[in-house]
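Read off the chains here:
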Amino acid sequence: MRSSPLQKFIVAVLGWTVALLMFFPVAWMVLTSFKTEIDAVHSPPLLVFHPTLANFTHVIYLGNYLGALTNSVAISLGSTVLGLLIAMPAAYAMAFFPNRWTKDLLLWMLSTKMMPAVGVLMPIYLLCQRSGLLDTLSGLILVMMLSNLPIIVWMLYTFFKEVPGDIIEASRMDGAGVLAQLRVVLLPLAGPGIASTALLSIILSWNEAFWSINLTSVNAAPLTAFIATFSAPEGLFWAKLSAASTLAVAPILIFGWMTQRQLVRGLTFGAVK
Amino acid sequence: MCTLELRNLRKVYSNVEVIKGVDLTIKDREFVVFVGPSGCGKSTLLRMIAGLEEISGGDFMIDGVRVNDVPPDKRGLAMVFQSYALYPHMTVAENMAFALRLAGVPKPERDERVMVAAKTLQLDALLERKPANLSGGQRQRVAIGRAIVRQPKAFLFDEPLSNLDAALRVQTRIEIAKLHNDLKSTMIYVTHDQVEAMTLADRIVVFNAGKIEQVGTPLELYHNPANLFVAGFIGSPKMNLIAAEVRSSDGRTSVLTLEGGSLFSVPKALVPGQKLTIGLRPEHIAVVAEGGMAGRVEVVEHLGNETIAYASIGAAQPLTVKLPSDSDVRIGEMLHFASRGQTASLFDEAGSAIMSPSA
Ligand SMILES: Nc1ncnc2c1ncn2[C@@H]1O[C@H](COP(=O)(O)OP(=O)(O)O)[C@@H](O)[C@H]1O
Ligand SMILES: [Mg+2]
Numbered sequence: 001m002r003s004s005p006l007q008k009f010i011v012a013v014l015g016w017t018v019a020l021l022m023f024f025p026v027a028w029m030v031l032t033s034f035k036t037e038i039d040a041v042h043s044p045p046l047l048v049f050h051p052t053l054a055n056f057t058h059v060i061y062l063g064n065y066l067g068a069l070t071n072s073v074a075i076s077l078g079s080t081v082l083g084l085l086i087a088m089p090a091a092y093a094m095a096f097f098p099n100r101w102t103k104d105l106l107l108w109m110l111s112t113k114m115m116p117a118v119g120v121l122m123p124i125y126l127l128c129q130r131s132g133l134l135d136t137l138s139g140l141i142l143v144m145m146l147s148n149l150p151i152i153v154w155m156l157y158t159f160f161k162e163v164p165g166d167i168i169e170a171s172r173m174d175g176a177g178v179l180a181q182l183r184v185v186l187l188p189l190a191g192p193g194i195a196s197t198a199l200l201s202i203i204l205s206w207n208e209a210f211w212s213i214n215l216t217s218v219n220a221a222p223l224t225a226f227i228a229t230f231s232a233p234e235g236l237f238w239a240k241l242s243a244a245s246t247l248a249v250a251p252i253l254i255f256g257w258m259t260q261r262q263l264v265r266g267l268t269f270g271a272v273k
Numbered sequence: 001m002c003t004l005e006l007r008n009l010r011k012v013y014s015n016v017e018v019i020k021g022v023d024l025t026i027k028d029r030e031f032v033v034f035v036g037p038s039g040c041g042k043s044t045l046l047r048m049i050a051g052l053e054e055i056s057g058g059d060f061m062i063d064g065v066r067v068n069d070v071p072p073d074k075r076g077l078a079m080v081f082q083s084y085a086l087y088p089h090m091t092v093a094e095n096m097a098f099a100l101r102l103a104g105v106p107k108p109e110r111d112e113r114v115m116v117a118a119k120t121l122q123l124d125a126l127l128e129r130k131p132a133n134l135s136g137g138q139r140q141r142v143a144i145g146r147a148i149v150r151q152p153k154a155f156l157f158d159e160p161l162s163n164l165d166a167a168l169r170v171q172t173r174i175e176i177a178k179l180h181n182d183l184k185s186t187m188i189y190v191t192h193d194q195v196e197a198m199t200l201a202d203r204i205v206v207f208n209a210g211k212i213e214q215v216g217t218p219l220e221l222y223h224n225p226a227n228l229f230v231a232g233f234i235g236s237p238k239m240n241l242i243a244a245e246v247r248s249s250d251g252r253t254s255v256l257t258l259e260g261g262s263l264f265s266v267p268k269a270l271v272p273g274q275k276l277t278i279g280l281r282p283e284h285i286a287v288v289a290e291g292g293m294a295g296r297v298e299v300v301e302h303l304g305n306e307t308i309a310y311a312s313i314g315a316a317q318p319l320t321v322k323l324p325s326d327s328d329v330r331i332g333e334m335l336h337f338a339s340r341g342q343t344a345s346l347f348d349e350a351g352s353a354i355m356s357p358s359a
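Protein chains in written order, with this note's numbering: chain X, 1 to 273; chain D, 1 to 359.
If you are wondering where the hints come from, they were derived from the structure by calculation, not from laboratory data. There's no promise every hint is true.
[Stated by the list, open to error] Straight-line distance between alpha carbons at most 30 Å, and here's what the computed DSBU-like set of lysine-lysine pairs gives: (1) D:K238 x D:K74; (2) D:K20 x X:K103; (3) X:K161 x D:K74; (4) D:K74 x D:K27; (5) D:K238 x D:K153; (6) D:K211 x D:K184; (7) D:K153 x D:K74; (8) X:K161 x D:K130; (9) X:K103 x X:K161.
[Claimed, not checked] To be clear about the criterion: a stretch of chain D counts as covered by chain X if any three or more of its residues have a C-beta under 8 Å from a C-beta of chain X, and this derived list gives those stretches: (10) 86–95; (11) 98–112; (12) 193–207.
All values derive from a computational prediction rather than experimental measurement. C-beta atoms are modelled at their ideal positions from N, C-alpha and C, and glycine is treated no differently.
Make a model of the complete structure from these sequences and hints.
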């Protein structure tokens, strides 16, 4: 289908509108992080002001930014690696040896994401508490991995589905066991897809706040929990909160920007070549 | 040595039986072709033999050993897929050596065996290419080469020529026949194309709806089809199958009334009034001056080496007649047709053959 110049124009305007709408809060957050607390709550909002780095120094020296950053990296990478290790065999089995339950199983897995996380806060909290996983990296890695697992399995399943079944069967005839099939055939053929999945999982884990805030206090607190410590019940905190948030999203923004081609491919589930 | 034995093999997909009890013994070094219409279960059966599909019932034996539960790579069989199924990220040489690499064959021996196979298939100049940079015919040869390198007990082919254009198909067919001659190993070849079956097979197995209709050499199937299905499937153009009724019988010969009214006599005692189907091969029908079946020519196809005419004799289907290439039949012409020699087949109402041409 060819589109007329007018259609192209409308699509472009729509695209830019959506992009600007989504970008605005982030831009405002960055802007606010350079204001004084007084300027931050000024009404009408100030676009021109004397920038200050005070919020950043405050946040970095009073909060434990580096500790939270390290935790975020560990949790994102850890939960992603663990998730891939579990999801790859699962997706392999569902993509190449489907049975009458495969579709239902996939839907059921996704349906767990439709339930609000608060619904299982109590049981998960108690489970973590009893097993001594509260406020530990391993605890958070585990929970984060479980919460992203349905999406990882879904994405891998879709990518594996694109690998012709004949090729897998040929490798079975050639004597490749499950591990060899994954390593020598699937990994190279579905490599870009696996990479996209890993990227998405890292980003989801990085931005996850609910479990991070509820299951950690000091030791395992990642950046999302770090931000939360700057929202106080009274007093002025918007500028500091913005500085903390800017510091928290900066690494993943840069990471996302560097890997955007992979990400777009992954998020469109291979529909765009 | 490789004898394959299928004993009452069955395959059920969620309550639908697609292979309904197949008994067959494939002898060492035999070239057996499974032929039948699309969807009759040929691929499923081949995949059960390969080990890619679970066997729902019955026994499958290789050299007398039951291998139902043996995984595909331990059966010692190699398969050539319709889609070729080459590993796209490996070169031709790597594709061919893959099985040997997995089996831990040392590199010098691997290279040696790949080279030998590549020479046989004229692939030696392409060894460093990736499959994406090969033509369809070359990919097909790599797929065959990958099978050869493993020195399998038997080769399994699933419609290996169906993705090639017509000229290449004939050429590759000849190469496969030559390969069977050189390698002298057991081969099972699946196709829906009866010409491929006739040209390649030592023995043909005709399938229909998950069951064997007939097993035999190409000429046995051609001359003595066991039933209407085989009669209609083997031979090109198709055998004429015309409904008929026995009009009279004198104990040695009988006269039939064919659909459309023509009379036809056959050298067999039959019960007057019996309904049957008569089968006449287009190549066994000649134009005669008078008598026989009268019909008006509706379509004429000049193929160069022969001429095919379709004539309406009042039956449901036009009568197909194969004539010499210099035949000057014209559309609309009224002609008389008779069978040459005693070359009719007869089938009873259930479709089973009750008489075959005494050829
Ligand atoms: N995985 C499957 N699940 C259910 N039915 C199947 C499956 N594979 C094949 N079939 C059915 O089995 C029958 C035989 O298929 P197949 O062996 O591919 O036929 P052929 O190779 O002779 O064309 C078909 O009716 C097909 O729909
Ligand atoms: Mg098939």
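Next on the checklist: At least three residues with a C-beta closer than 8 Å to a C-beta of chain X: is that true for the region 193–207 of chain D?
Outcome noted: violated (count 0)
Checklist entry - Do the alpha carbons of X:K103 and X:K161 lie within 30 Å of each other, as the hint requires? => result Given that 30 Å is the threshold and the Cα spacing comes to 13 Å, the pair holds.
Next on the checklist: Does D:K153 sit within 30 Å of D:K238, going by the straight-line distance between their CA atoms?
Outcome noted: Roughly 36 Å separates the two Cα atoms, so the pair is violated.
Next on the checklist: Between the region 86–95 of chain D and chain X, are there enough contacts, at least three residues with CB-CB distance under 8 Å, for the coverage claim to hold?
Outcome noted: With 4 residues closer than 8 Å to chain X, the region 86–95 of chain D meets the three-residue bar; holds.
Item to check | Agreement of D:K211 and D:K184 with the hint, judged by alpha carbon distance not exceeding 30 Å | outcome: Holds. D:K211 to D:K184 sits at ~28 Å (cutoff 30 Å).
Checklist entry - Given the proposed pairing of D:K74 with D:K27, does the C-alpha separation stay at or below 30 Å? => result With Cα atoms ~20 Å apart, D:K74 and D:K27 stay inside 30 Å; holds.
Next on the checklist: Taking beta carbons only, do three or more residues of the region 98–112 of chain D come closer than 8 Å to chain X?
Outcome noted: holds (count 4)
Next on the checklist: Would the hint linking X:K161 and D:K130 be met if the CA-CA limit is 30 Å?
Outcome noted: Measuring from Cα to Cα gives roughly 22 Å; hence the hint holds.
Item to check | 30 Å Cα cutoff - pair D:K20, X:K103 | outcome: 28 Å, holds
Checklist entry - If you draw a straight line from the CA of D:K238 to the CA of D:K74, is it 30 Å or shorter? => result 42 Å, violated
Next on the checklist: Between the alpha carbons of X:K161 and D:K74, is the straight-line distance 30 Å or under?
Outcome noted: 26 Å, holds
Next on the checklist: So if I understand the rule, the pair passes when the alpha-carbon distance is 30 Å or less; does D:K153 with D:K74 pass?
Outcome noted: Distance of about 11 Å is within 30 Å: holds.
Of the numbered hints given earlier, the model fails hints 1, 5 and 12; all others are met.
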